[in-house]
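A.B. asks: Listed below, chain by chain, are the residues.
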Amino acid sequence: MQTYKFKNNVYILEGFSMVGPLEGKGPLKDYFDYIIQDDTLKEKTFEKAERKLLLDLIINAVDKAGLKMTDIDFFIGGDLLNQIVSSSFAARELNLPFIGLYSACATMAESLAIGGIFVDNKIAKNIVASTCTHFSSAERQYRFPLELGNQRPPTAQWTITGGGASIISNIPSKIRINAVTFGKVIDYGISDVNNMGCAMAPAASSTIKAHLENMDLKVSDYDIILTGDLGKLGSEVLIDLMEHENIILGQNYSDCGCMIYDKTERVFMGGSGAGCSASVLNSYVLYKMKKGDFKRVLLVSTGALMSTTTSQQGDTIPSIAHAVELVYVDSNKSNANSNNNSKKVKSKLNKSNKIKSNKHKTTKSSKIEK
Amino acid sequence: MISIWDYVISFLVGGFICFLAQILVIRTKITTARILVLFLIIGMILEVFNIYAPFKEFAKAGATVPIIGFGANLARGAIMAAKEEGIIGIFTGGLTASAGGIAMAIFASFIFALIFSSKSKRGGH
Amino acid sequence: MDKEKRNVNYNIYVESKVPKTRAWPSLIKAFILGGTICAIGQGFFDLYTYFFPSLSESEVSTCMLMTIIFITCLLTGIGVYDVIGAWGGAGSVIPITGFSNSISSPAIEFKKEGIIYGICVKMFTIAGPVIVCGVVGSIICGFIGYFI
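Just so you know, the protein sequences line up as chains A, B and C, in that order.
The numbering of the first sequence is the working numbering, which starts it at 1 and goes up by one.
The numbering of the second sequence is the working numbering, which starts it at 371 and goes up by one.
The numbering of the third sequence is the working numbering, which starts it at 496 and goes up by one.
Source of the hints: derived by calculation from the structure; they are not laboratory data.
What you are looking at is a predicted structure, and each value in this text was computed from that prediction instead of being measured.
Think of the CB as a built atom: it goes at the ideal place given N, C-alpha and C, for glycine as much as any other residue.
In silico DSSO-like cross-links for lysine-lysine, where the CA-CA straight-line distance does not exceed 30 Å: (1) A:7 to A:218; (2) B:489 to A:44; (3) B:399 to C:498; (4) C:524 to B:399; (5) A:42 to C:606.
Looking from chain B toward chain A, a few residues come up when the C-beta cut is under 8 Å (computed): (6) 395; (7) 399; (8) 402; (9) 488; (10) 489; (11) 490; (12) 491.
With the hints as extra help, turn the sequences into a complete structure.
C.D. replies: Structure below.
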């Protein structure tokens, strides 16, 4: 099945987010942990700046969670640059086992999902999942030189500078990862690289539908359903697509790309990039969950899986979306936290536990010694 | 012999050419490289059919500054050299006529690339 | 195929959702910027004609173009030209300044990859087609001129 429901309690212990100067002026500015004023981070190149950003994110996240680097078992993450250099080069400095992932802008959800499964199966205790993007390095890889005086079409999106790191752990906190859904690669034949939102919307629609069906939940059960970086146009298209499937996305639906920038900043359809959902999740969403404002959150990071070569050769854009469901845990009743959830889910969870109990044993025996 | 009319006509004709190009950009999402090539070829065609010279006489800098003028220059150089020097001129004429512009573009780009670094965009327009 | 039909329908649907650029403001901006650059060119033309009366008209023209190209490279270097270009659209591309900017911007951008592999190799990533089509086109024109 596409959806994996967690058998044990896996928590997001802490999150850390950092964004660039432009994002730091947006509506979420008070939620970010750190706003960078100089987006070169005093490095010589933008690629170096991006890897510094990622390194800073991880170190600060571990620190904020009150852990030491030696407590972390794995670093799971990726980024948008070719051969995910930012992540691997950051991992070079970290001295941690590194699992590099690439799902374009859906990397944050994928890292959380895989990290969560690791912790759930007791392969690891603490995992740091992190990803980030840098506007300038993405721009020079995917589009044109920064100084070229070109006009962007109105459907273009703005790659954000920033990112987030989450500590996935078996240490109880208020935010529990309840289930994850891995998306299928979907291609509806969009080839315009300046219209990624519309290329990714069908993937988001497919993943959300699969998740809701497998969890037996309705849209109204969630306090917020967040897509990664569909942008304004992409979210409108998603709402229409979901309506076709008889799923009505209401007031509780939002898109990270639309949230991160002010309308006055005129970044066309909104933010994009792997750092988009990572920074919004690790600031705004975790903050609201810790306060108990959000009890059940579905984060659907969306990614467009093309490269500049495939685009120039006229191929269409395949996309993917991964979903992570987060649930608020009332710390007063931490032992009975599963009771907080709807009974439906509980019974389903127990069922799946039974089914997977055999599997569970095998994973236990192959547990990685640390 | 500076006349205000030269400036007015340069502004109007140059502006009108860019106006047409912008219509193309909006309608077809054409990229920078393609639009440059397209107007370069238009310039060459104008030159081959002897339309460019009277057009330039009329529009002054409105005809020479747009990339059309660059194309026409290349074509005129090649045609003139072909008539004067024969076969060899076919190959040397075009670049000889436009050497100044190309050389300056390469030279200035190289020098400024050594001096300056690219800066991040401040977002939006 | 069913899938193809779905994709075609989706593309048509997306096309209908895409907001149209408000055409008139951007057309007028392109007109103003393009016109202004040409008028500045005329200014240099008159200036050089006045100071160097011995030069022929085409030589003055070349000097004027070289001046504009130089200024554009400088504006690109100090990070002003991309702002102008974003404002004026085709008004910044069609004048010779667009050609100049498309050479200098990758040169500056890829400086970090080194002088040979960065500046020299990447210089023509955008303007390369202009040079290639220009040279090929001029040779074709030369043949036309030779035989007619």
